[in-house]
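There are 2 protein chains.
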Amino acid sequence: MKNLVTSLIRKNNSKIVLIVLDGLGGLPSEEGKTELEIAKTPNLDNLAYRSALGLHIPVDWGITPGSGPGHLALFGYDPLQYQIGRGVLETLGLGIEIGERDIAVRGNYATVESKEGKLLIKDRRAGRIPTEENRRISAKLQENIRRIEDVEVIVAPGLEHRVAVVFRFPQALPVGSDEINDTDPQKTDTEPLTPKGRNPQAERVARIVRKFLRRAEEILKEEKKANYLLLRGFSQKPKIPCMEELFGLKSLCIAFYPMYRGIASLVGMKVLKPAGNSVKETIYTLHEVWEDYDFFFLHIKKTDSYGEDGNPKGKAGVIEEFDKTLPKILDLKPDVLAITGDHSTPSVLKGHSWHPVPLLINSPYVLGRTSRRFTERECLKGEIGLIPTKKIMNLLLAHALRLKKFGA
Amino acid sequence: MKNLVTSLIRKNNSKIVLIVLDGLGGLPSEEGKTELEIAKTPNLDNLAYRSALGLHIPVDWGITPGSGPGHLALFGYDPLQYQIGRGVLETLGLGIEIGERDIAVRGNYATVESKEGKLLIKDRRAGRIPTEENRRISAKLQENIRRIEDVEVIVAPGLEHRVAVVFRFPQALPVGSDEINDTDPQKTDTEPLTPKGRNPQAERVARIVRKFLRRAEEILKEEKKANYLLLRGFSQKPKIPCMEELFGLKSLCIAFYPMYRGIASLVGMKVLKPAGNSVKETIYTLHEVWEDYDFFFLHIKKTDSYGEDGNPKGKAGVIEEFDKTLPKILDLKPDVLAITGDHSTPSVLKGHSWHPVPLLINSPYVLGRTSRRFTERECLKGEIGLIPTKKIMNLLLAHALRLKKFGA
Chain S
48 MKNLVTSLIR
58 KNNSKIVLIV
68 LDGLGGLPSE
78 EGKTELEIAK
88 TPNLDNLAYR
98 SALGLHIPVD
108 WGITPGSGPG
118 HLALFGYDPL
128 QYQIGRGVLE
138 TLGLGIEIGE
148 RDIAVRGNYA
158 TVESKEGKLL
168 IKDRRAGRIP
178 TEENRRISAK
188 LQENIRRIED
198 VEVIVAPGLE
208 HRVAVVFRFP
218 QALPVGSDEI
228 NDTDPQKTDT
238 EPLTPKGRNP
248 QAERVARIVR
258 KFLRRAEEIL
268 KEEKKANYLL
278 LRGFSQKPKI
288 PCMEELFGLK
298 SLCIAFYPMY
308 RGIASLVGMK
318 VLKPAGNSVK
328 ETIYTLHEVW
338 EDYDFFFLHI
348 KKTDSYGEDG
358 NPKGKAGVIE
368 EFDKTLPKIL
378 DLKPDVLAIT
388 GDHSTPSVLK
398 GHSWHPVPLL
408 INSPYVLGRT
418 SRRFTERECL
428 KGEIGLIPTK
438 KIMNLLLAHA
448 LRLKKFGA
Chain Z
48 MKNLVTSLIR
58 KNNSKIVLIV
68 LDGLGGLPSE
78 EGKTELEIAK
88 TPNLDNLAYR
98 SALGLHIPVD
108 WGITPGSGPG
118 HLALFGYDPL
128 QYQIGRGVLE
138 TLGLGIEIGE
148 RDIAVRGNYA
158 TVESKEGKLL
168 IKDRRAGRIP
178 TEENRRISAK
188 LQENIRRIED
198 VEVIVAPGLE
208 HRVAVVFRFP
218 QALPVGSDEI
228 NDTDPQKTDT
238 EPLTPKGRNP
248 QAERVARIVR
258 KFLRRAEEIL
268 KEEKKANYLL
278 LRGFSQKPKI
288 PCMEELFGLK
298 SLCIAFYPMY
308 RGIASLVGMK
318 VLKPAGNSVK
328 ETIYTLHEVW
338 EDYDFFFLHI
348 KKTDSYGEDG
358 NPKGKAGVIE
368 EFDKTLPKIL
378 DLKPDVLAIT
388 GDHSTPSVLK
398 GHSWHPVPLL
408 INSPYVLGRT
418 SRRFTERECL
428 KGEIGLIPTK
438 KIMNLLLAHA
448 LRLKKFGA
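For the record, the sequence lines run as chains S and Z.
Going by the numbering used here, the first sequence opens with residue 48, and the numbers climb by one from there.
Going by the numbering used here, the second sequence opens with residue 48, and the numbers climb by one from there.
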């Protein structure tokens, strides 16, 4: 059967804005207050009083989501049904576009030693070489290996020892994400593994990868530390129906960091990079493209970065910066405005967490007046309750009056 | 596997009353208050303080339910699993009983013109002819067409241009709801479509329908406006297990409007029409039959009608009328009393909506004292939380002590 929501879609001229403050939800730090409670947010407080509030759970109770599942769920996709492979996510994060014909994999430069005719891994991260070193070495690899047979090879340096490799085939080869084994054995003093395919299709890919690795070994052997390359997470762009098809929405992503633009492009959004990393620059970009789309996803990264650093005041500062810019969004009079995160990143945990994420939805069709602020504790009192993240899109479409009645 | 609840049923002499104030949930109108907040309801307030409160979601977050799914869910059925076809619902709404052997369809009288040997639709609604005209024309059709071969035909006039037609076959012919195409192309200046069956069974029905339409065309051709009949939504009574079978309940529906008696009869309830449309007459009927059933579903329509008219004070007035009559229900000392709606109909939206519906359950086994009134905002504080509508029946059975323990 066709997806229920898709079968009820009707189009209109409404505009929906979804603001994602990455890692928004938090926990109390020293003063017993969460980052949202520390922040002084007069504009958000005012909006919260007039909005529907609640919290959402990206994957399941107790499950800490990565950026991929967190965002896919926000876009209305079941994050357990649609999974983005590690290789693909890493590659998207480096700003490389991934197409249907690509097999992407993430890599580590590593240090190996020859012993009794065997190659043994001594350091899986090549002593965390500086990013500059990585760039030099990756450029050398790329110059020397442009193709393996009829397969284009793209080597994209990341931070420190991290790298992504894309194998671009002449035509699409459907290969499951566990059909080629990692070459990284995840331990030292042992040999790197040889990549093999679990079926003829995957083996066709694995054969190219083996050839690539032999060439890479040759090219890297003069390097002191990064004299080897370990690969893991062979993956392909997942087959995901696009947002236009599912929800009838012309969608735009405004995000400074490539990974978020990459995830958005996987579901068919157009993507735009703001001039700079600040909240202001992200939100000002919205004004320039307001007429051209139905749905706008704006991504603000720094809430998560400060959370990961264990810096509650820094995170609160970004929330305050957002609060000051909020009137610029309200000026546009979106029909539906949602403000939330893709997951929680409590400063006390210095990382992503499983905690439900605060959610605010503003439209003319809310009950409102349940809560005085936009904080975790105030969201608990709200009319939305605790919902699965993937259902938020239903609510945004409903508030935009873009869904017909079900049944007579 | 057998349904969990069904496997746990134990019978006793308890009595359960479910009052449905159609379209009960609302949104703030001018004064920032919802219809339930505007209404003065001393009796409901008192009951709310002693009851379990919450809100329920009939189909899914953001999905606006029709009356069919809303009521089926209240009766404990999954509204996505059991769907009532448009033709069947329309026919039930006109007070025609639908049996296993019937194919029902809704129709529009339409205006067609002959042009170069083609019949073109000029007005899909025959200029919205008066209901009186419709009755005259439908009676003429019915007099002239009693049977097509061995199939009985029932023509039931609705309002303005609307009509329902039932084809009663000598034996049941299972036909899926999309197995015969509509004849209404949903646009003008084009020819009506010919009904065809997607499989031999459906084609057997379609052949009878085509014969019927040729006869109808002949009979209607002298009419000025309503000179044609367009059909859509061929459907059959869905196969639904009855409430006695699922829940061991002898059930009665008391409803003035035929559609609600019709939906109740689909799940095997006995049905009773009160003397009049008022809240009082509906509730007084309960006293007359109190000894004969276990489960009583009372339907009060006017909350929804005022909501659809965009009249919050009118809707609040019906709620006040209900409040005044509430003691008459309490006099009967039901073991479990539930008061709710089948969906929300906020006056500001002038139609059904996706908003969660307030729910009150009273029994000796509630926590209570969470809330001072029976309103959307006070229900948010209640002990039931936000639940899927189809789970309410579990709660009613539990509070009636009609469910055994699961597992040892």
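Since the hints were made in silico from the structure, they are not lab data.
Glycine included, C-beta positions come from ideal geometry on N, C-alpha and C.
Fair warning: there could be bad hints in the mix.
According to the in silico footprint, chain S covers these stretches of chain Z (three or more CB under 8 Å from chain S) [stated by the list, open to error]:
(1) 71-85
(2) 105-113
(3) 130-138
(4) 369-383
(5) 386-396
Using 30 Å as the maximum straight-line C-alpha spacing, the simulated BS3-like pairs for lysine-lysine come out as follows [to be verified]:
(6) S:K452 <-> Z:K397
(7) S:K451 <-> Z:K452
(8) Z:K397 <-> S:K297
(9) S:K327 <-> S:K80
(10) Z:K165 <-> S:K452
(11) S:K452 <-> Z:K286
Just the calculated beta-carbon pair ranges, DEER-fashion [said to hold, decoys possible]:
(12) S:G79 <-> Z:P411: 51 to 59 Å
(13) S:L377 <-> Z:R182: 51 to 59 Å
(14) S:D125 <-> Z:R194: 28 to 36 Å
(15) S:D92 <-> Z:D92: 26 to 34 Å
(16) S:P435 <-> Z:D339: 40 to 48 Å
(17) S:P247 <-> Z:K258: 52 to 60 Å
(18) S:Q248 <-> Z:A445: 24 to 32 Å
(19) Z:P411 <-> S:L377: 36 to 44 Å
(20) S:L377 <-> Z:K297: 51 to 59 Å
(21) S:G398 <-> Z:K87: 51 to 59 Å
(22) Z:P411 <-> S:K297: 35 to 43 Å
(23) Z:K87 <-> S:K58: 48 to 56 Å
(24) Z:K258 <-> S:P221: 47 to 55 Å
Against the structure, the hints:
no. : hint                          : verdict
1   : 71-85                         : holds (count 4)
2   : 105-113                       : holds (count 8)
3   : 130-138                       : holds (count 5)
4   : 369-383                       : violated (count 0)
5   : 386-396                       : holds (count 3)
6   : S:K452 <-> Z:K397             : holds (13 Å)
7   : S:K451 <-> Z:K452             : violated (41 Å)
8   : Z:K397 <-> S:K297             : holds (28 Å)
9   : S:K327 <-> S:K80              : holds (26 Å)
10  : Z:K165 <-> S:K452             : violated (35 Å)
11  : S:K452 <-> Z:K286             : holds (23 Å)
12  : S:G79 <-> Z:P411: 51 to 59 Å  : violated (40 Å)
13  : S:L377 <-> Z:R182: 51 to 59 Å : holds (54 Å)
14  : S:D125 <-> Z:R194: 28 to 36 Å : violated (51 Å)
15  : S:D92 <-> Z:D92: 26 to 34 Å   : holds (30 Å)
16  : S:P435 <-> Z:D339: 40 to 48 Å : holds (43 Å)
17  : S:P247 <-> Z:K258: 52 to 60 Å : holds (58 Å)
18  : S:Q248 <-> Z:A445: 24 to 32 Å : violated (53 Å)
19  : Z:P411 <-> S:L377: 36 to 44 Å : violated (50 Å)
20  : S:L377 <-> Z:K297: 51 to 59 Å : holds (56 Å)
21  : S:G398 <-> Z:K87: 51 to 59 Å  : holds (53 Å)
22  : Z:P411 <-> S:K297: 35 to 43 Å : violated (56 Å)
23  : Z:K87 <-> S:K58: 48 to 56 Å   : violated (42 Å)
24  : Z:K258 <-> S:P221: 47 to 55 Å : holds (51 Å)
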